[in-house]
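Chains E and S, in that order, are what the protein sequence lines are. Start counting the first sequence at 52; every next residue gets the next number (this note's numbering). Start counting the second sequence at 13; every next residue gets the next number (this note's numbering).
It is worth saying that the hints were derived from the structure and are not from the lab. For every residue, glycine included, the Cβ atom is placed at its ideal position computed from N, Cα and C. A few of these clues could be false.
Computed far set for chain S versus chain E, every beta-carbon distance over 12 Å [said to hold, decoys possible]: (1) N216; (2) I227; (3) A330; (4) P356.
Covered, in the sense of this in silico footprint (three residues per stretch, anywhere, with C-beta under 8 Å from a C-beta of chain S), are these stretches of chain E [claimed, not checked]: (5) 95-109; (6) 191-205.
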Amino acid sequence: MTPETKNTLSGVHGRDIKKQDQQRVTDPDGGFYEEIEHTADLALRCGGPDLESFFRSAARGMYHLLGAQASSSHTAGQITVSLTAMDMESLLVDWLGELAYLAERDRLVFGDMTFKTLSATRIEAVLTGSRNHRLDKVIKAVTYHHLNVKKTPEGYAATVVFDV
Amino acid sequence: MDPTQIEQIGPFTYQIPSSWRPDMQAPARILADPAILAAASADRSLEQLVNTACLPGIVQYALAMPDIHQGYGFPIGGVAATAAPDGVISPGGVGYDINCGVRLLGTHLLREEMLPHVDELISAIYAHCPSGVGKGGAIRLKSKELRQVLERGARWALKRGLATETDLERTEGNGCLSGADAGCVSERALERGQDQVGTLGAGNHFIEVDAVAEIFDATAADRMGLVPDGVVVQIHCGSRGLGHQVCTDYVKRFQKTLHTYGLHLPDRELVCAPLSSPEGRDYLAAMTAAANYAFANRQVLTHGIRRSFEEALAGKVANHHVFQVYDIAHNMARIETHRVDGHPRNLCVHRKGATRAFGPGSPELPPVYRDIGQPVLVPGSMGTCSWVLRGTETAMEQTFGSSCHGAGRQMSRTQARKRFKGVTLRQALEHAGIHVRTGSMSGLAEEAPQAYKDVDRVVNVVHEAGIARKVAKLIPLAVIKG
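With the hints as constraints, model all of the structure from the sequences given.
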């Protein structure tokens, strides 16, 4: 909705996006994710006290949606991912898109994500993980739909909608 | 949105005026009955339709078909026509699965003749039509041949012996859309397309063996080769990873040029570029290439189905020949000519979860269907019925020649997974006499019939509104879920 909106679509916001009971997962680094309802596709709420935990929790949340078990075992070796984007929302879309692509193409799922560089517009991450032979679903794409990375005193948070 | 505040302008047509929000460029129109409108008001579908009405250069109104449900950017069931010089093209208005669509195949078999062999047939189709997450197929295309697929579509398959001229003639755009340019498709998209032609994929994609339950228009049904109790096959899938990547690439590229063209949008997923811009032209050429890939994909699956009929039925039935009825896209942007205020205009018609429904006389229809109107294929939810309709002149006048594409979801995937178990659902379907093959029980649960609207209700709206007319109703005998 635009800021100048006069007629709000009352009752629309929030009704379709409901928190799932007891589905919130908190990571040791303080990051969290939870699946959010979406009529046609899948949505994820994720966040963290700092950028690293935020990007990590987004990835873990997406793996959860894929039905993949992330592991830090070295069976698939290490991969370095380098991404540059115009803003943090685009960086988040690119990051998750890259991981979804590697999961679909090579069945690679990463439990260990070490960031050598991480800013609002750039990621260089060393990823260690394993090969999942089976994924429950495919993520066709990570969308920009109402995507807004919010910076709060508690850290960073966003809701991401995935096309499945 | 309170549905009582929406103006009813026809028995099955509702309108949100462009004064509703200051950024709307046109009204938003919904084809619905009161129950469908109420359901659409309960999630973000209507807000997404209002957002669609904000697209620069939109002509007349943003439209939603009665299978409207919440998507991202456009609502699913959304139709928007734009026009040069101000008009834009929006990858999000097409969707990531470019030319996701439905193909209907006919047979000369009757249900009674088929029933003893259904299990064997569906097993053969499951073997010949790879399905599931990221599955590759038997064909691995080298770079040169992949480019041929992108530029020649299903016509490429003819040379390979995987298609007939009749198949092509009975495919939207003859299965080969002009204007495709493989050079506008990224290396990653090409790589993803190397081994996925002839594969079903996952999610809501399916192959279903059906029987004709009821005929509503004998002339049109006869023309399509549909008879009471006749066996038919539906294929629902799209352009696979290649198409997903094309959309992803251009949504990203357009984010960077939005400000260059001074475009302001209520949702970044609606990102767009002028039709006349280099970015807009490149996307149209890449989208068209991905659409051709999808036509080729459904064509190779058709070949797999023909092999399966041969394997399972040869010598057991009088005639196991499979012929094409029609193939339509329901995620696409097409440059089309429509009359606006009495004058023909070239428009870019975005259909996201909506199909063409061109009326009788349209020069784009194959001769066999030119006097009855375009076949419109409306698959229902798994285990329920599907519909074959035909396009009308009313659709040409009121909906840019468009109609609905399916039942439309009404329950989230998470809710469906909570409420239904794949194993139980499979048992219930098999108890009802529907044979099921799937690689994912949780995927099966997400596609539970109860997660979808009543397709009969959706079809009644388009029939009563006159934008498509009922031809035949189909009931399932066997289904493969990707």
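Verification of the hints:
1. At roughly 9 Å, the least C-beta separation between N216(S) and chain E is not larger than 12 Å, which violates its mark as non-interface.
2. Remark: the non-interface label on I227(S) is consistent with the geometry, its nearest Cβ contact in chain E lying 32 Å away (cut-off 12 Å).
3. Its beta-carbon lying about 40 Å from the closest one in chain E, A330(S) satisfies the requirement of being farther than 12 Å from that chain.
4. Distance check on P356(S): its Cβ is at least 34 Å (rounded) from any Cβ of chain E, clearing the 12 Å threshold; non-interface status holds.
5. Only residues whose C-beta sits within less than 8 Å of a C-beta in chain S count toward coverage, and the stretch 95-109 of chain E has 0 of them, not enough to reach three; the restraint is violated.
6. With 8 residues bearing a CB less than 8 Å from a CB of chain S, the stretch 191-205 of chain E meets the requirement of three and the coverage assertion stands.
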